[in-house]
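Colleague: Here are the chains, one letter per residue:
Protein chains: 2
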Amino acid sequence: MSPGPQKSFDVEEAVLTARDLFWERGYDGTGIRDLEVAIGIGRKSLYDTFGSKRELYLRSLRKYADTVIQSICDGLEREGVGALANLERVLGKLQKHHGSDGSLGCLLGVAIGQIGADDEELAAFLRGVLDGMEQAFERCLREAMGAGEVRSDLQPRDAARQLVALSQGMALLGRVSDGPARSRSIIRAALAALRPVSSS
Amino acid sequence: MSPGPQKSFDVEEAVLTARDLFWERGYDGTGIRDLEVAIGIGRKSLYDTFGSKRELYLRSLRKYADTVIQSICDGLEREGVGALANLERVLGKLQKHHGSDGSLGCLLGVAIGQIGADDEELAAFLRGVLDGMEQAFERCLREAMGAGEVRSDLQPRDAARQLVALSQGMALLGRVSDGPARSRSIIRAALAALRPVSSS
DNA sequence: GCTATCCTTGACCGATCGGTTTCTGTTTGG
DNA sequence: CCAAACAGAAACCGATCGGTCAAGGATAGC
Numbered sequence: 001m002s003p004g005p006q007k008s009f010d011v012e013e014a015v016l017t018a019r020d021l022f023w024e025r026g027y028d029g030t031g032i033r034d035l036e037v038a039i040g041i042g043r044k045s046l047y048d049t050f051g052s053k054r055e056l057y058l059r060s061l062r063k064y065a066d067t068v069i070q071s072i073c074d075g076l077e078r079e080g081v082g083a084l085a086n087l088e089r090v091l092g093k094l095q096k097h098h099g100s101d102g103s104l105g106c107l108l109g110v111a112i113g114q115i116g117a118d119d120e121e122l123a124a125f126l127r128g129v130l131d132g133m134e135q136a137f138e139r140c141l142r143e144a145m146g147a148g149e150v151r152s153d154l155q156p157r158d159a160a161r162q163l164v165a166l167s168q169g170m171a172l173l174g175r176v177s178d179g180p181a182r183s184r185s186i187i188r189a190a191l192a193a194l195r196p197v198s199s200s
Numbered sequence: 001m002s003p004g005p006q007k008s009f010d011v012e013e014a015v016l017t018a019r020d021l022f023w024e025r026g027y028d029g030t031g032i033r034d035l036e037v038a039i040g041i042g043r044k045s046l047y048d049t050f051g052s053k054r055e056l057y058l059r060s061l062r063k064y065a066d067t068v069i070q071s072i073c074d075g076l077e078r079e080g081v082g083a084l085a086n087l088e089r090v091l092g093k094l095q096k097h098h099g100s101d102g103s104l105g106c107l108l109g110v111a112i113g114q115i116g117a118d119d120e121e122l123a124a125f126l127r128g129v130l131d132g133m134e135q136a137f138e139r140c141l142r143e144a145m146g147a148g149e150v151r152s153d154l155q156p157r158d159a160a161r162q163l164v165a166l167s168q169g170m171a172l173l174g175r176v177s178d179g180p181a182r183s184r185s186i187i188r189a190a191l192a193a194l195r196p197v198s199s200s
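First to last, the sequence lines map onto chains L and R.
So the first sequence is numbered by full-length UniProt numbering: it starts at 1 and just counts up by one.
So the second sequence is numbered by full-length UniProt numbering: it starts at 1 and just counts up by one.
Incorrect hints may have been included.
What the hints assert, rightly or not - Derived, one-sided and incomplete: chain L residues facing chain R with beta-carbon distance under 7 Å:
| id | residue |
| --- | --- |
| 1 | 62 |
| 2 | 65 |
| 3 | 110 |
| 4 | 112 |
| 5 | 123 |
| 6 | 158 |
| 7 | 162 |
| 8 | 172 |
| 9 | 176 |
| 10 | 180 |
| 11 | 189 |
| 12 | 193 |
As the list claims (entries may be wrong) - Below, a sample of chain R positions facing chain L; criterion: calculated Cβ distance under 8 Å:
| id | residue |
| --- | --- |
| 13 | 115 |
| 14 | 158 |
| 15 | 162 |
| 16 | 176 |
| 17 | 186 |
| 18 | 192 |
To be verified - To list a few chain L residues with every Cβ distance to chain R over 12 Å, as calculated:
| id | residue |
| --- | --- |
| 19 | 12 |
| 20 | 19 |
| 21 | 42 |
| 22 | 48 |
| 23 | 52 |
| 24 | 57 |
| 25 | 59 |
| 26 | 63 |
| 27 | 74 |
| 28 | 75 |
| 29 | 81 |
| 30 | 143 |
| 31 | 147 |
| 32 | 148 |
| 33 | 153 |
Calculated from the structure, these hints are not laboratory results.
In this text, all values refer to a predicted model and were calculated from it rather than measured experimentally.
Positions of the beta carbon are idealized from the N, C-alpha and C atoms, including for glycine.
Produce the entire structure from the sequences given, and follow the hints as far as they go.
Modeller: Printed below as a string of structure tokens:
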């Protein structure tokens, strides 16, 4: 039923390569020729496998989103330590990844910045991903508030949305920042604002 | 010394038109043909006046930044009311402008999202603009803290950077949000986090 | 060996890109 | 009236865009 050789390249790895290219140069800035060369396959294989440039782009975004969402949810729900400690660790990781020198920012944020005004399909997908992040943050915040680790007068949903916006803003600013100082300040301020009491 | 007619179009108004086009469609998405039609001048005049597409883009960004920075600084330094009230008003204005439905986000944020990895000239300009916003926020925060309107245990610089990141993040998310609820949450949380005491 | 399937290469397509140039008014100062 | 400086329209440039297509090479089952 299937004579002939198997695919000579790993499809999922090709998606990762495409993701990195889109990440670095954006959708418009990444040409079909660039993708061919980077992935190392011919154009026919590329179109046979992925259909179109846009489909490959959406697939790259989906893969990236799955990874990021999974990582954040896992980090926020780790047992054994306090919820606030989980939050601190996750925010620290985000700062390290997206706030350092030469950062490309978050691929999702870059996608939002480049989305066309009438691209409702992509907008809906991105909304969904952001909702997932927001809910993970909200669960963690509720738990931390229950344990008295976070000011109890805050609205968990508002604070969660704030953290999502903050993460995206930090990642965006990281694209033009000249060092990790700014992003460290941002995370420090976010955590300080959550703490119930403090004296310098 | 200057025979011949005056320029038949308003240069500054042309920059505003170009700004709106870049804002709506991004740099790559805006073609020279689009700019001609929108501004209403021929291509020769366009190149004679502005030099190149990129120069017109930079000029648009500069004009936008001047307007925004001016507006924020004026709003934050208004006398007669408390510094926190000024901050609340400015953040509310940002939310109204960038967080509503169909928002295009902040042009500066969009530019950051679309900047090329090796475009140091544009990156330096954007860094400068963000620094200006940060300093304006920091001055306002210091004043508010001095008046006891804001928790005194916060670091003004960290909090100012947080507000810049938050503004950019909110404006970015506004591009895919389906209503003003999210951006309102974000601003509400930011202000709640600054307040020294509260018992909802 | 034959055939079918997958792969790659590379030519090719119409369209559009940023930018230059040529031409034809048209308006102004002298 | 004339020359200089301006304007706009459009032809034109090489390059690149996303996408298609036709021709082989390689590998598998029969």
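Colleague: Would the non-interface assignment of residue 147 of chain L survive a Cβ cutoff of 12 Å against chain R?
Modeller: At roughly 18 Å from the nearest Cβ of chain R, residue 147 of chain L sits farther out than 12 Å, so the non-interface label holds.
Colleague: Quick one, is the residue 110 of chain L hint okay against chain R at 7 Å, beta carbons?
Modeller: holds, 5 Å
Colleague: Per the stated criterion, does the least C-beta distance between residue 153 of chain L and chain R lie above 12 Å, as a non-interface residue requires?
Modeller: At roughly 5 Å from the nearest Cβ of chain R, residue 153 of chain L sits no farther out than 12 Å, so the non-interface label is violated.
Colleague: Does residue 48 of chain L clear chain R by more than 12 Å, comparing its Cβ with all Cβ atoms of that chain?
Modeller: holds, 27 Å
Colleague: Next item in the hint list is residue 65 of chain L. Is there a CB on chain R closer than 7 Å to its CB?
Modeller: Since the shortest Cβ distance to chain R is 13 Å, the answer is violated.
Colleague: The output says residue 57 of chain L does not contact chain R. Does that hold with a beta carbon cutoff of 12 Å?
Modeller: Given that every Cβ of chain R is farther than 12 Å from that of residue 57 of chain L, nearest at about 14 Å, it holds.
Colleague: When you look at the beta carbon of residue 74 of chain L, is every beta carbon of chain R farther off than 12 Å?
Modeller: It holds; residue 74 of chain L is separated from chain R by about 23 Å at its closest Cβ, greater than 12 Å.
Colleague: Can you verify the interface hint for residue 158 of chain L: is its Cβ closer than 7 Å to any Cβ in chain R?
Modeller: Nearest chain R Cβ about 4 Å off; hint holds.
Colleague: Checking the smallest CB distance to chain R, is residue 143 of chain L really beyond 12 Å?
Modeller: At roughly 17 Å from the nearest Cβ of chain R, residue 143 of chain L sits farther out than 12 Å, so the non-interface label holds.
Colleague: Classify the hint on residue 162 of chain R as holds or violated, based on whether any CB of chain L lies nearer than 8 Å to its CB.
Modeller: OK, holds: residue 162 of chain R within 8 Å of chain L, min 4 Å.
Colleague: Are residue 193 of chain L and chain R close enough, Cβ to Cβ, to be under 7 Å, as the hint says?
Modeller: Hint on residue 193 of chain L: holds, closest Cβ of chain R at ~3 Å, below 7 Å.
Colleague: For the restraint on residue 172 of chain L, tell me whether the closest CB of chain R is nearer than 7 Å.
Modeller: Nearest chain R Cβ about 5 Å off; hint holds.
Consistency note: the structure conflicts with the earlier hints numbered 1, 2, 10, 33.
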